[in-house]
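A.B. asks: So the chains spell out like this:
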Amino acid sequence: ETGVTQSPTHLIKTRGQQVTLRCSSQSGHNTVSWYQQALGQGPQFIFQYYREEENGRGNFPPRFSGLQFPNYSSELNVNALELDDSALYLCASSRDSLGEQYFGPGTRLTVT
Amino acid sequence: AQSVSQHNHHVILSEAASLELGCNYSYGGTVNLFWYVQYPGQHLQLLLKYFSGDPLVKGIKGFEAEFIKSKFSFNLRKPSVQWSDTAEYFCAVNEPRDDKIIFGKGTRLHILP
Numbered sequence: 001e002t003g004v005t006q007s008p009t010h011l012i013k014t015r016g017q018q019v020t021l022r023c024s025s026q027s028g029h030n031t032v033s034w035y036q037q038a039l040g041q042g043p044q045f046i047f048q049y050y051r052e053e054e055n056g057r058g059n060f061p062p063r064f065s066g067l068q069f070p071n072y073s074s075e076l077n078v079n080a081l082e083l084d085d086s087a088l089y090l091c092a093s094s095r096d097s098l099g100e101q102y103f104g105p106g107t108r109l110t111v112t
Numbered sequence: 001a002q003s004v005s006q007h008n009h010h011v012i013l014s015e016a017a018s019l020e021l022g023c024n025y026s027y028g029g030t031v032n033l034f035w036y037v038q039y040p041g042q043h044l045q046l047l048l049k050y051f052s053g054d055p056l057v058k059g060i061k062g063f064e065a066e067f068i069k070s071k072f073s074f075n076l077r078k079p080s081v082q083w084s085d086t087a088e089y090f091c092a093v094n095e096p097r098d099d100k101i102i103f104g105k106g107t108r109l110h111i112l113p
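These protein sequences, in sequence, are chains A and B. When you line the first sequence up against my numbering, it's residues 1 to 112, in that order. When you line the second sequence up against my numbering, it's residues 1 to 113, in that order.
Excised from the complex, chain B in its bound form (with noise of 0.2 angstroms):
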């Protein structure tokens, strides 16, 4: 069964700090990825998302994913955070013609201004 692990649980980072938070799954064939955010009191929404191509996925608000395949990883970067950013980041994966969405359990993630 797949399965997708989040190394952090609780990141804390000053503003300006550079990001990364790493994810990796456990599904050998080809998968589709995601990373979803959950800012306090908001709905869980998309940030970005890798189905094919080019490994370096670009998503809103200035955050970007690199599918290693070698290595079934899908780490999240920023290379500058906002206070903004404080949320839940969650990352995630499904096999592309299956319709559920395999979650992390998630990184908490703390700017300080």
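The shape of chain A in the complex, shown without the other chains (with noise of 0.2 angstroms):
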């Protein structure tokens, strides 16, 4: 069983650019959840995606949106990065939308 794998590992990205981070979910997972660890703290959700839909948002603005496709890998993308955007982005399936999330290694950005 092939367990969440994101990518890339790493990324550096200027101010106002935008980033696209992929995730691919767990086999017979058809639900991807999305959250950022900034530094020394937790990690906060960032939205769900369940069946190619959203399924629920944290307290995060609209140029952070997110796509999931039909073999249920999932996309997070940000448009007009902030500094404080830097923080480890992780990924996380799980079997339906109230299942035990696994999570993948996380994709670290750095906004300069």
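Hints in this document: simulated from the structure, not taken from any laboratory. Each statement offered as a hint is correct.
Calculated cross-link-like contacts (lysine to any residue; reagent style SDA-like; alpha-carbon spacing at most 20 angstroms):
no. : chain 1 : residue 1 : chain 2 : residue 2
1   : B       : K100      : A       : A87
2   : B       : K100      : A       : S97
3   : B       : K100      : A       : Q37
4   : B       : K61       : B       : W83
5   : B       : K105      : A       : Q37
6   : B       : K69       : B       : Y25
7   : B       : K105      : A       : S86
8   : B       : K71       : B       : S52
9   : B       : K105      : A       : A38
10  : B       : K105      : A       : Y102
11  : B       : K100      : A       : H29
12  : B       : K100      : A       : G58
13  : B       : K100      : A       : G99
14  : B       : K100      : A       : P61
15  : B       : K105      : A       : A87
16  : B       : K78       : B       : D54
17  : B       : K100      : A       : P62
18  : B       : K100      : A       : E52
19  : B       : K49       : B       : Q2
20  : B       : K71       : B       : L56
21  : B       : K49       : A       : L98
22  : B       : K105      : A       : N59
23  : B       : K100      : A       : E75
24  : B       : K100      : A       : E100
25  : B       : K100      : A       : E54
26  : B       : K100      : A       : Q41
27  : B       : K105      : A       : D84
Example chain A residues on the side facing chain B (calculated, C-beta under 8 angstroms, incomplete):
no. : residue
28  : Q41
29  : G42
30  : P43
31  : F45
32  : N55
33  : G56
34  : G58
35  : L90
36  : E100
For glycine and all other residues, C-beta sits at the position ideal for the given N, C-alpha and C.
Using the supplied hints, reconstruct the complex from the two chains, each of which is provided in its own coordinate frame.
C.D. replies: What follows is the structure, given as structure tokens:
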């Protein structure tokens, strides 16, 4: 059984740019949740995708958007990057929207 | 809004010492409770969870946690820690019909060999 994978591992962007992060869910999982973990903080929920539809959103502005594909992999897009967007972005997949979440290794984004 | 407080940001113990990490949450209704662990260089993984039933929950690697509803607490315990328990520990909560999990800020545990 393949676990949750994320790409890229690290990324450096400049303020104002746009970024796309990718997540492949664990086999058999149809739900992907995205979290932002700033340095010294716990993960904060961004949004969840269930069967290709957004299924809940945390307190993040609209410039954070996402997609889920028919194979249940997912993308997180962030437009107009700000310095405070520098963080570890975690993806978690689950068997359904309320199931146990399995986390990927994260993508570390640095905005300069 | 729900919130989770972890009382200790950094804990240092010697091997064989007993461990208790505090966690309190703010929501007064029915909740699901979790402890996650992140070992150095590894993914965040579930240590144990409480949904209902026996308030004393046993997890992997000898960890347990007790849900005390009257105190809004879900403290993590281990009677005798090992060097391999060095990691960051996160307490988390969600409402049973909600998809988002609210995490605490984490406690960094360092075990001296």
